[in-house]
Amino acid sequence: FPYLDRAPAAIKPLVVGFLGGLTTFSTLTVTVANSIARGKTLSGIGLISSQMIVGVGFAVVGYISTISLF
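Numbering (our numbering), first residue to last: 1 to 70.
Any given hint might turn out to be false.
DEER-style ranges, computed between Cβ atoms [what the hints assert, rightly or not]: (1) 46 / 9: 39 to 49 Å; (2) 39 / 67: 24 to 34 Å; (3) 7 / 67: 19 to 29 Å; (4) 65 / 19: 43 to 53 Å; (5) 69 / 20: 14 to 24 Å; (6) 10 / 40: 34 to 44 Å; (7) 56 / 29: 17 to 27 Å; (8) 42 / 12: 14 to 24 Å.
Everything labelled a hint here was simulated from the structure, so no lab data went into it.
Predicted, not measured: the structure shown is a model, and the values here were computed from it.
In this text, a Cβ means the ideal position worked out from N, Cα and C, and glycines have one as well.
Whole structure, please, built from the sequences with the hints as guidance.
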């Protein structure tokens, strides 16, 4: 990304985190689609549900940690 070299230092971790999140989400999407295509619908629903629960849980932990630090 040629424009990332000229971005402020605070923006770089956000861009890298966002792009990392996109790759993780796309991997999850392919895994769920494969599960459903193989007839394992409950497994696909379980994957989506667990990802959302864990993601929200870590977001809450991150928020609480940030508030307590600052």
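Quick rundown of the hints versus the structure:
no. : hint                : result
1   : 46 / 9: 39 to 49 Å  : 40 Å, holds
2   : 39 / 67: 24 to 34 Å : 45 Å, violated
3   : 7 / 67: 19 to 29 Å  : 27 Å, holds
4   : 65 / 19: 43 to 53 Å : 23 Å, violated
5   : 69 / 20: 14 to 24 Å : 22 Å, holds
6   : 10 / 40: 34 to 44 Å : 43 Å, holds
7   : 56 / 29: 17 to 27 Å : 18 Å, holds
8   : 42 / 12: 14 to 24 Å : 41 Å, violated
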